[in-house]
Structure formats: structure tokens, C-alpha cells
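Undergrad: Protein sequences appear in the order of chains A and B. Residue numbering for the first sequence follows the numbering used here, starting at 1 and increasing by one per position. Residue numbering for the second sequence follows the numbering used here, starting at 93 and increasing by one per position.
Keep in mind that the hints were calculated from the coordinates and are not lab data. Just so it is clear, CB atoms sit at the ideal spot from N, CA and C, and this is done for glycine as well.
Taking lysine-lysine and the DSSO-like style, the derived pairs with C-alpha atoms no more than 30 angstroms apart in a straight line are:
(1) B:K292 to B:K219
(2) B:K121 to B:K103
(3) A:K67 to B:K255
(4) B:K186 to B:K219
(5) B:K292 to A:K67
(6) B:K202 to B:K170
Take a look, some chain A residues computed to stay more than 12 angstroms from chain B by CB distance:
(7) E48
(8) V49
(9) V56
(10) I63
(11) V65
(12) K67
(13) V73
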Amino acid sequence: MGLFDFLRARQKNTASVARERLRIIVAQERSARGAPDYLPLLRRELLEVIRKYVNVDQDAVDIHVEKDGEHDVLELSVALPDKASAAAQAAG
Amino acid sequence: MTEFIVVTSGKGGVGKTTTSASIAVGLAKRGKKVAVIDFDVGLRNLDLIMGCERRVVYDFVNVIHNECTLKQALIKDKRIDSLHVLAASQTRDKDALTKEGVEKVLNDLKEDGFDYVVCDSPAGIEKGAYLAMYFADRALVVVNPEVSSVRDSDRILGLLASKTRRAELGVAPIEQHLLLTRYNPARVADGDMMSIDDVKEILGIEVLGVVPESEGVLTASNSGVPVILDDESNAGQAYDDAVARLLGEQRPMRFLDAPKKGLFARMFGG
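Whenever a hint applies, use it, and build me the whole structure from the sequences.
TA: As C-alpha cells, then:
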């Protein structure tokens, strides 16, 4: 650190920002690895259907394929909005 | 016993060809019989880095199409007797390489008693890259400490574990190593570049070597002399360490610390 470093409006530690971003995206891409190609489209269409009835977020639908012995299990979870924000949506 | 080593990365411009050339030279310098093959059909460059571009008569695709013998196409290095280069073809035909053709060439090299065959992969995940890694026993994944390179490397690690001969046969998996290139210790110290530990942790495989960003790499490619032959340059020495580790030697990592700044530089943030 130089004496006059404060004069340079420096962003601190971009390396740690890079590391955190990579951790997340790499973990996400690894979990999608080897999964069937139709998953992203299935996820998008499910989201559209659910949104006809409940106002959920873009990332509310989580979908992946798990191996369970001989079978592949399609696991699907939908995070519904909490009551307060759902009510606000309905009112608005 | 012939070992097939693929030098790959996904991303372009990270140093695959520089690495292939130096690793091949380093192995040959230690008395191994080595062939280094350019899989980048249409964009031949290994010949330039090796300094044999004017001696290319026949290439990889000629051999596969039986237009010449393997022996005719192998270019013998002028500096090291046991080193041979097989240039890529400059054809625009995307399907010039076939799996059967590549397999035949690799088998012939095995029969000829080569110790190592270094396969210089093209960037991307298309056919050339797929065939370069398909028959590998060992993979050197070249990575820069930079977000897009690290992400692409992870993608390549996934392909190595699924789309290769060893994966399909269900035999022992390809041995994977990271080779960090363009490493700038001063920027790592400033917190502006991911460190060797960061990259290792994200990708989860061990690091065979760290090659510092070095002027020597450009001067080496300018003159067609693989940088490992430049004893003066840090990059050359780092490649030599990596080759020694590849052969089982224990060597501490070098060039990981930034050069000490003088008082003036420290005060004024040099």
C-alpha cells in the first residue's frame, strides 16, 4: 500500500469478487452437467404455467435430475412468495 | 508404453500451443522419444512456435487420408533428435479429422516406440478439441487466472470425465493437471488477480505448474524457439519445473512472489 493510494479511487480486491462469482457459476454448471438437454425449456414452460396462478419470481422453479439406483428422479421445487408480498401483488 | 497427453483449455489464447511446445521439448530433452501433434486443423500454428514452419511438406490430414506415410509427415526437430512434430492441415474441411484416422496415427506412434505423444488441442469444444482429448491418458488444462478461462476450464474438465475413451470404457480416468499461465504475482499481491490457491479451490484439481507472465514468451515465439529452451526466462524455468513434476520429481513452485518494491515505489504506490 502506498502512502497516496487513497488518492486513487481504487476498487478493492477484484480477485475476491472474481472468486465468489466463479464459485457460484461453476457449482451451478456442475449440477447441470450430464442432465438432459430439455431441462432448461421444461423449467421455462413450468414457470409460465405456474405464473398463470401464482406470481412467483423468475428463479422460483428449481429443477434437477437425481440418480436413485436404477431410476432417474426428476426433482422439482417451487418457491411460493410469502403471504405479505403475494397480498401486495394482488392489491397492486 | 506410450502416454498420450492432451494440452487443452476450452478458451483460446491462454497458452496451449506455447505449453505443448515447451512440454514436448522438455520431455525430449530428458531423453524421451516425443511427438507433438497440432490438432487445430485450418489454423496451424504449432509449426511456427516450434520453428519448423518452412519444413512442413505433409501434415496430419495427409497421413489420415493415406496421402503419405506417417514417417514422411513427422518433422524431426533440428535441436533435439528424439523430438518430432506433426503439423495440422490448413484445409477448411471441418471433417478432415476422423476418430478412426486419429486412432490409427496414435497407434502407429505407439508401435514406433514413442514415449510421449503431446496433443495440442484447438480452442473450443468442437471436433478437433474432442478428438485431441478423446484418446488421452493425461490432460494438462491450461488456465489463466481470469474468470472466463477458469469457467471454460471447468467445462473442459467435465468433458474429460465423460466424452473420452477412458470414460466410455470405464477404465482408470484421465489424470488431470492444471497449468496456470500468465500468472502475475504483483497483481495477485494487490488483490487484483486470483491466486493459485483460488483457482485450485474452484476447479478442485492439483496444479502441475505456474508460468509467470513473461516477456520471454513473446520473444520465444518471435524466434520459433520454445520458451523452455530460454534458461534466462522465468517462464522457461517454470515449464522446466512442470516437466520435471510430470515425470514424478518433487519441485517447489517458483515465481509466486512479487518482486520486492523499493522504498520509492512503496511510498508512491509504484
